[in-house]
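Chain A is fixed; fit chain B onto it per the hints.
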Amino acid sequence: MKLELRGITKRFGSMTANSNVNLVVKPGEIHCLLGENGAGKSTLMNILYGMLTPDEGQILIDDAVVTIRDPKDAVAHGIGMVHQHFMLIPVFDVADNVILGSEPVKPWPVIDYKTAVTNLLSLAEQYGFEIDPRATVENLPIGTQQRVEILKALSHDASILILDEPTAVLTPQETDAFMVILRSLKESGKSIIFITHKLREVLEIADVITVMRLGEIVGNTTPSETDERGLATMMVGREVNLVVDKMPSTPGDVVLQVKDLFVEDERGLTSVKGISFDVRAGEILAVAGVQGNGQTELVEALTGMRRPSSGDVILNNVNLHGEAVRKFLDAGIGHVPEDRQRFGLVLSLSISDNLVLDQLDDSKFHNRFGRNLKAIKLNGEQLRKEFDIRSQSSDEPVGALSGGNQQKVVMARELSRELKILICSQPTRGLDVGSIEFMHRQIVAIRDSGVAVIIVSSELDEVVALGDRIAVMFDGAIQGIVPPSTSREDLGLLMAGARSREVSA
Amino acid sequence: MTTSEIRPPQIGRIMHFALRARQANMFLVLLFSLLIGLVFGGFLIILTTPALMSSWGHFFSHPGATISSSWNTVWFAYEQLFQGALVNFHSLRSLIDSPSKTNLANVLAPLSGTLTYATPLIVAGLGLAVGFRSSLFNIGGQGQVIVGGVLALLVSISFNLPPFFQVSLEIIAAVVGGALVAGLAGVLKAYTGAHEVIVTMMTNYTMVLILGYLLITSVFARPGVHDGASKAIEVSGQLPYFLSHLNSALLLNFGFPIAFAMVLVVQWFFNRSKTGFQLLMVGQNPDAARVAGISSRRSIIICMALSGALLGLAGMLKITGVDHLATPNFGGSYGFDAITVALLGRNKPWGVFFGAIFFGVMFTGGAAMQAFTPTNIQFSLSQVIQAVVVFCVATPALVIEAFRLRDGASLVSTNGSGGWV
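Same order as they appear, the protein sequences are chains A and B. Read left to right, the first sequence gives residues 943 to 1447 (the working numbering). Read left to right, the second sequence gives residues 53 to 473 (the working numbering).
If we strip away everything but chain A, and leave its shape as in the complex, we get (with noise of 0.2 Å):
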């Protein structure tokens, strides 16, 4: 099936999201889009998957016009979508999911489970997945819900899937087992928009690649005819840098040690145990691994926000074990929280007041009628311009920035203290790579600077770019604190639980 995008433009308000985008995808192709966050791509999806109307511009399938108003539409002109978020019910089994909406009845109204699963078997054996249908999904691991998402969406007979951002939520090995499925759906005619912000997989796996920047195409290109950096530069419009510039690491005396450390999250299951590492001043310890092995839980513990259950987080010799948050904020730990929506800011309220948030005590922003505003709103504007958070002033609202620039508020506010140790959760989740690059230098200057650094992230790539040290977790357990220099397949290995055979450092 032959999809053919003409002259789309999506106005809201007075920005204008998508703006004559023409797009074509043939039949039995991988088509990546690749862009920033905000240049226009889920836009431009949810058009054509019809959760928007487009202001202007038709959509074309097999050369004729036709018109989507619904994601039903999108379905039966055999448009599929697998989201970034998974719409799966968890208590449900895999079957049942991929039923859901178009159950087979016979008779009416008695679900056919039979003809259900027969035919899910069929349709997995034919694109070579092995899947239980009768396997509830909160039980499965991510890779296998996502090819629970893409059984569905096969299952209406799609033979156009879009998919999202599919590899941000996956392991390594996960990724290359799900580079196979693309593969064979590749194969058997079907064709693949494939949306992500990740470079060396467009180059991997991709035979167009269309670049959007502000709502427009700005080329197309194809992986023989460029590299990591043509597509970085095209994304942004100017030269990205994407190595992380540093020298080597100096380490200084011991900041942080954390000793035989467990804690329960609050079902009351121990999901960190038995963790014990040193963290020195002017080094960078990046903990990696699949999200959900305890790297949450560690944090909480590190900053003061989940009380360990047993062990001891001593800052600078003092043992910070049970005391309040404050406690932690006050003998010079900042947190860039892993959630920054929900744990970094309060979205209602101006710039310049997030950026005070947990400065409230400090006495340059009092005068003797109490919250000096002046002080306040100068500290705003002034860390506005030094780190470059785009918005019109520092009054505006925090929610009304973009990602980029809300997590910039975030490390302004933490960096603005004065700081032992900075412990950032997913520094640059959701960031478009400008800002990735921003955020990196700003990690490493603070390094440089002598405050110990703890990153935890589950990108491989930041890990190894950032990383003096890597502790891999998995299961609550660190699996081993290598350099920065050993494999991605070690590292994948270690993160899927196998042991260190050398822990180095």
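If you're looking for bench data, these hints aren't it; they were derived computationally from the structure. It cannot be assumed that every hint is accurate.
Here are a few chain B residues that face chain A, going by a calculated C-beta distance under 10 Å [said to hold, decoys possible]:
(1) 324
(2) 325
(3) 336
(4) 376
(5) 379
(6) 380
(7) 456
The list that follows gives simulated cross-link-like pairs (lysine-lysine, DSBU-like), each with its CA atoms no further than 35 Å apart [to be verified]:
(8) 326/B <-> 1362/A
(9) 1316/A <-> 1306/A
(10) 326/B <-> 1269/A
(11) 1319/A <-> 1269/A
(12) 283/B <-> 1306/A
(13) 1327/A <-> 1306/A
(14) 326/B <-> 1316/A
(15) 326/B <-> 1327/A
(16) 1140/A <-> 1362/A
(17) 1319/A <-> 326/B
Note that beta-carbon positions come from the ideal geometry of N, C-alpha and C, so glycine has one too.
Positioned in the frame of chain A, the structure of chain B alone reads:
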């Protein structure tokens, strides 16, 4: 991101102003809500006036007369409501013609009544707003008003100090009492997770019953009288009137400047104080507040205590400024009216101030309307109008849609009460 590239087409200055005017803001929403309330009330007046209804029966023979008589009736009723609550044009005219103390007193009389009624409601509404801004729903206004009132009465009965000290002591007692009762609910929520709605609602019942008991004890009851009313507050313990030298019927008392001061204090508290900012943070995003090292327990307790302190003060202002004695019904519906006032004012101090005055207008104006319209249009009509207005203000989206205002997204997010209101 592309805003700088795509500019809206150039438009004339007048057009621009018209567009700006249609931009939904709170003022427009309030204006249109009031309009809806008055139109709705107008229909009710026509429906409930038999003479008008029968004239509508002959609409096709005298369409002009039917419409004009209906219009005149409704207009006259609203005129009475307005003049009875804010300013009477006849007395204003007399004052301009012959300035005298008596005429001045006549001009001020309606407003005096309105503000007197509004005074405790302003403070009670502020108390509720303090809670809402931090996502705490203090439904125990009634009980806390009772505590404040009873403690003020107790002070008045037990001591005989010079007026200034007597009143100050009453204020302290009422504020502390209200803070303790509500603070208890805060402590329970902070340490055991008991929901503040349940706890404060229960304290309402408790306080009503305790009040009923106290009124028959020898401390509060008048010797030999069993009508349920307590001993009166001595003159030294009453809030002095400040217009009574013009006319003894002007009941506006020093409670009003106190309430006014409280508006400024609460305004300062949220805008400038550290604690106020923390409460706001906890209300808007408790998770981020925790990351920033703010103890949510402390915030909950402080917030409930402050809310209760203001409600206690409201009770004190009511008993020492308006009622001068307690009856079993003393708390009345104050706690609940205050919720509505806070909602009407969108939890902003000045909003609460004018919200309470609006309630005062509908109260005194409604009474005037019943008294001065030939068919005695019922007082409850003013309460119906009030209810419709509150309903519209509570659902700005409805008003914005009905009047095709341009959507102001900020309206939806300004209330900050965590979905409770």
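Results of checking the hints against the structure:
no., hint, verdict
1, 324, "holds (3 Å)"
2, 325, "holds (5 Å)"
3, 336, "holds (5 Å)"
4, 376, "violated (37 Å)"
5, 379, "violated (41 Å)"
6, 380, "violated (42 Å)"
7, 456, "violated (16 Å)"
8, 326/B <-> 1362/A, "holds (26 Å)"
9, 1316/A <-> 1306/A, "holds (10 Å)"
10, 326/B <-> 1269/A, "holds (18 Å)"
11, 1319/A <-> 1269/A, "holds (26 Å)"
12, 283/B <-> 1306/A, "violated (54 Å)"
13, 1327/A <-> 1306/A, "holds (20 Å)"
14, 326/B <-> 1316/A, "holds (15 Å)"
15, 326/B <-> 1327/A, "holds (26 Å)"
16, 1140/A <-> 1362/A, "holds (33 Å)"
17, 1319/A <-> 326/B, "holds (15 Å)"
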